[in-house]
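A.B. asks: Please build the complex by placing chain B on the supplied structure of chain A, with the hints as guidance.
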Amino acid sequence: MIVVENLYFTYGSQGDYVLKDINLEIGEGELLAIMGDNGAGKTTLVKHFNGLLKPTLGHVYVDDIDTRDVPVSELSRKVGMIFQYPEKMFFSERVWDEVAFALRNFGYDESSISRLVQKILNIFWLWKYRDSSPFILSGGEQRRLAIASVLVWNPKYIVMDEPTAGQDAVQREILLQIINMMVSQGKTVILVTHDVEFVAEIRPRVILMSNGEVMYDGEATRLFRNPDILENAGLTQPILFKLESRLRNLGLIEEGFNTIDEAAKKIVSLLGGKHL
Amino acid sequence: MMRNIHELFKYESLNTPLHNIDPRSKLATIFIYLVLTIILGDITHLLIILIIILVQLAVGRALRKFAKGLLTLTPFLVLILILNYLSLGSVSASLVPVFRFLLFLAIMDLFFLTTDPDDFALTLESLRLPLTVSLSFSLALRFIPTMAEQVNEIVEAQLSRGLKLDQGNFFARIKKYIPILIPIIILSIKRSIEVAESLEIRGVDPSIKRVHYVALKLSTKDIIYFIINLAIVVVVYLISGYISSDSLITLLHFSKI
Chain A
100 MIVVENLYFT YGSQGDYVLK DINLEIGEGE LLAIMGDNGA GKTTLVKHFN
150 GLLKPTLGHV YVDDIDTRDV PVSELSRKVG MIFQYPEKMF FSERVWDEVA
200 FALRNFGYDE SSISRLVQKI LNIFWLWKYR DSSPFILSGG EQRRLAIASV
250 LVWNPKYIVM DEPTAGQDAV QREILLQIIN MMVSQGKTVI LVTHDVEFVA
300 EIRPRVILMS NGEVMYDGEA TRLFRNPDIL ENAGLTQPIL FKLESRLRNL
350 GLIEEGFNTI DEAAKKIVSL LGGKHL
Chain B
29 MMRNIHELFK YESLNTPLHN IDPRSKLATI FIYLVLTIIL GDITHLLIIL
79 IIILVQLAVG RALRKFAKGL LTLTPFLVLI LILNYLSLGS VSASLVPVFR
129 FLLFLAIMDL FFLTTDPDDF ALTLESLRLP LTVSLSFSLA LRFIPTMAEQ
179 VNEIVEAQLS RGLKLDQGNF FARIKKYIPI LIPIIILSIK RSIEVAESLE
229 IRGVDPSIKR VHYVALKLST KDIIYFIINL AIVVVVYLIS GYISSDSLIT
279 LLHFSKI
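Quick mapping for you: the protein sequence lines, in order, are chains A and B.
Each residue of the first sequence is one higher than the one before, counting from 100 in the numbering used here.
Each residue of the second sequence is one higher than the one before, counting from 29 in the numbering used here.
Chain A on its own, in the form it takes in the complex:
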């Protein structure tokens, strides 16, 4: 469990707080999205989870360990962090070495390394590129490689910063599958994003941030039905919920819908037919 207690953070010695009195509990196996506009403090918050940043005031505990007490290299074994544009961090000559890098840092023996690397490259459809340079891969493949090179050491908590940034529709679909896979394996997945459409597809618990404060903590569906809170945090409703609001305002529906299929059925029935 990750517990955040009265967390305040400022980058300088003086200056304004970037995070103000954050209190959170993130349970095991939970799927969570931290949302908010640019500069809301999302990334600053998650950097506390693996100890890259230490609280100015308050505490962050990962499995009862105070993040102030242990180095990043130790916390990282529990909390895998996938940064925005993670493919910017490649440096190895071979895909294989890129994935093995963290395992070597964590002191795994060579036989475990080769077993784990092979396994993860297969899961991520990258085995055929094992001897290629990471730089010749396509954008989507590079993103998958970056994710694989973190998941390879099997961290319990996985933080993904803006995972959909710069990805096309097909890659988003694949990303969705990867996230579902991680959740089904019992991992805690924390997404940092302002991509409302993506969040609308997975409907996790949402923590909405604005100006370094938590504005909302709860179900995604309830949040998306509340355009005012979203707007205050610099976000807009996903298209499905926009449609729902319009139909409701026109007095055409009373109950909302949760999926595209439900919306389609509703619209068809409103039009008075089944075969359109």
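Derived by calculation from the structure, the hints in this document are not laboratory data.
Do not take every clue at face value.
Straight-line alpha carbon distances no greater than 20 Å define the calculated EDC-like cross-link-like pairs of lysine to aspartate or glutamate that follow [stated by the list, open to error]:
no.	chain 1	residue 1	chain 2	residue 2
1	A	Lys187	B	Glu222
2	A	Lys187	B	Glu181
3	B	Lys192	A	Asp316
4	A	Lys364	A	Glu300
5	A	Lys177	B	Glu184
6	B	Lys93	B	Glu153
7	B	Lys218	B	Glu181
8	B	Lys204	A	Asp196
9	B	Lys218	A	Glu192
10	A	Lys153	B	Asp147
11	B	Lys192	A	Asp196
12	B	Lys204	A	Glu312
13	A	Lys153	A	Asp360
14	A	Lys187	B	Glu177
15	B	Lys204	A	Glu192
16	B	Lys203	A	Glu300
17	A	Lys153	B	Glu40
18	A	Lys187	B	Glu184
19	B	Lys249	B	Glu184
20	A	Lys255	A	Asp163
21	A	Lys341	A	Glu312
22	B	Lys192	A	Asp168
23	A	Lys119	A	Asp360
24	B	Lys192	A	Glu173
25	A	Lys153	B	Glu177
26	A	Lys153	B	Glu222
27	A	Lys227	A	Glu173
28	B	Lys203	A	Glu192
C.D. replies: Below, chain B alone, put in the same frame as chain A:
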């Protein structure tokens, strides 16, 4: 530390007498000070110059930034002192390179902390440097903060992948910088291509003669500023031939008697 280091060289737009001096006049001024710093080999004289520069930094409200920069570079200054002491065997002689370094820093700050990067680019162009050179120079300055930010990002990413920068012997540590250096080099090359493309898109063509919307104008105060500084430099240079710290010590010795 990496996050803040570029802040120390960042220009801040203020309205001080020094900010309002023409950059060409400032450039000529720092040039003569730099030459003098190299010529002088006595702590007393270097100290006099340092005080004069510090006063000017104070006028330009850049003293605090200079002090902060100094604090960051203290380990480096100590290293210079130790290495020189090991080879020269005298503290006073080893202090000379330390003071020189301090002065270089102060003189550079005097220019860069009080001169708008855009004006600096104009200055280079007014010196008849080709556009490719002046533009490269000013772009390089402009991208220091961006680069520092990127270094920080990459360090954080590699630390999150278990990289321990502070472990192992000297060579092992150097090797650990490879996962940081390679991405930086690659990103810099990519960025330079992007910048070049965006310059072309916006019609930058080095073969065409350019006119400027804002032109630098040398006024009387700029010339006076340079002449005063030139006078100071000449005077310090002349007295350096007569008074050294050795002669000062002798003087003090006599005054005791």
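A.B. asks: The structure should be examined with respect to each hint, and the outcome stated for every one.
C.D. replies: Okay, the hints, checked on the actual structure:
With a C-alpha separation of about 15 Å, the suggested pair Lys187 of chain A and Glu222 of chain B falls inside the 20 Å cut-off, and the hint holds. A threshold of 20 Å between alpha carbons decides the hint, and for Lys187 of chain A with Glu181 of chain B the separation of about 10 Å falls inside it, so the pair holds. For the suggested pair Lys192 of chain B and Asp316 of chain A, the alpha carbons sit about 35 Å apart, so the restraint of at most 20 Å is broken. Taking the CA atoms of Lys364 of chain A and Glu300 of chain A, the gap is about 18 Å. The hint holds against a cut of 20 Å.
Using a Cα cut-off of 20 Å, the hinted pair Lys177 of chain A and Glu184 of chain B holds, with the two alpha carbons roughly 16 Å apart. At roughly 28 Å between alpha-carbon atoms, Lys93 of chain B and Glu153 of chain B are farther apart than 20 Å, so this suggested pair is violated. Proximity of Lys218 of chain B to Glu181 of chain B is assessed by CA-CA distance (about 17 Å); at most 20 Å being required, the pair is judged to hold. Taking the CA atoms of Lys204 of chain B and Asp196 of chain A, the gap is about 15 Å. The hint holds against a cut of 20 Å.
Simply put, Lys218 of chain B and Glu192 of chain A have alpha-carbon atoms about 18 Å apart, close enough for the 20 Å limit, and the pair holds. In summary, the hint linking Lys153 of chain A to Asp147 of chain B is not supported, as the alpha carbons are separated by about 40 Å, beyond the 20 Å threshold. A hinted pair counts as satisfied when its Cα atoms are at most 20 Å apart, and Lys192 of chain B with Asp196 of chain A qualifies at roughly 17 Å. For the suggested pair Lys204 of chain B and Glu312 of chain A, the alpha carbons sit about 37 Å apart, so the restraint of at most 20 Å is broken.
A distance of roughly 45 Å separates the Cα atoms of Lys153 of chain A and Asp360 of chain A; the hinted pair therefore is violated under the 20 Å criterion. A C-alpha spacing of about 13 Å is found between Lys187 of chain A and Glu177 of chain B, which places the hinted pair at or below 20 Å, so the restraint holds. Using a Cα cut-off of 20 Å, the hinted pair Lys204 of chain B and Glu192 of chain A holds, with the two alpha carbons roughly 16 Å apart. Only pairs whose Cα atoms come within 20 Å are accepted, and Lys203 of chain B paired with Glu300 of chain A is rejected, the gap being roughly 44 Å.
A distance of roughly 29 Å separates the Cα atoms of Lys153 of chain A and Glu40 of chain B; the hinted pair therefore is violated under the 20 Å criterion. With a CA separation close to 12 Å, the supplied pair Lys187 of chain A and Glu184 of chain B stays within the 20 Å bound. About 48 Å separates the Cα atoms of Lys249 of chain B and Glu184 of chain B, which puts this hinted pair outside 20 Å; it is violated. Distance check on the hinted pair: Lys255 of chain A and Asp163 of chain A sit about 14 Å apart at the alpha-carbon level, within 20 Å; holds.
Pair hint Lys341 of chain A plus Glu312 of chain A does not hold up; C-alpha atoms about 26 Å apart against a cutoff of 20 Å. Proximity of Lys192 of chain B to Asp168 of chain A is assessed by CA-CA distance (about 16 Å); at most 20 Å being required, the pair is judged to hold. Proposed proximity of Lys119 of chain A and Asp360 of chain A is contradicted: the alpha carbons are some 40 Å apart, above 20 Å. Between Lys192 of chain B and Glu173 of chain A the alpha-carbon distance is near 10 Å, which keeps this suggested pair within the 20 Å criterion.
At most 20 Å may separate the alpha-carbon atoms for a hinted pair to count; Lys153 of chain A and Glu177 of chain B meet this at roughly 19 Å. This hinted pair does not check out: Lys153 of chain A and Glu222 of chain B have alpha carbons roughly 35 Å apart, beyond 20 Å. Between Lys227 of chain A and Glu173 of chain A the CA atoms are separated by roughly 32 Å; this puts the pair beyond 20 Å, and the hint is violated. Between the alpha carbons of Lys203 of chain B and Glu192 of chain A the distance comes to roughly 15 Å, so the proposed pair stays at or under 20 Å and holds.
Checked against the numbered hints listed earlier, the structure breaks hints 3, 6, 10, 12, 13, 16, 17, 19, 21, 23, 26, 27; every other hint is satisfied.
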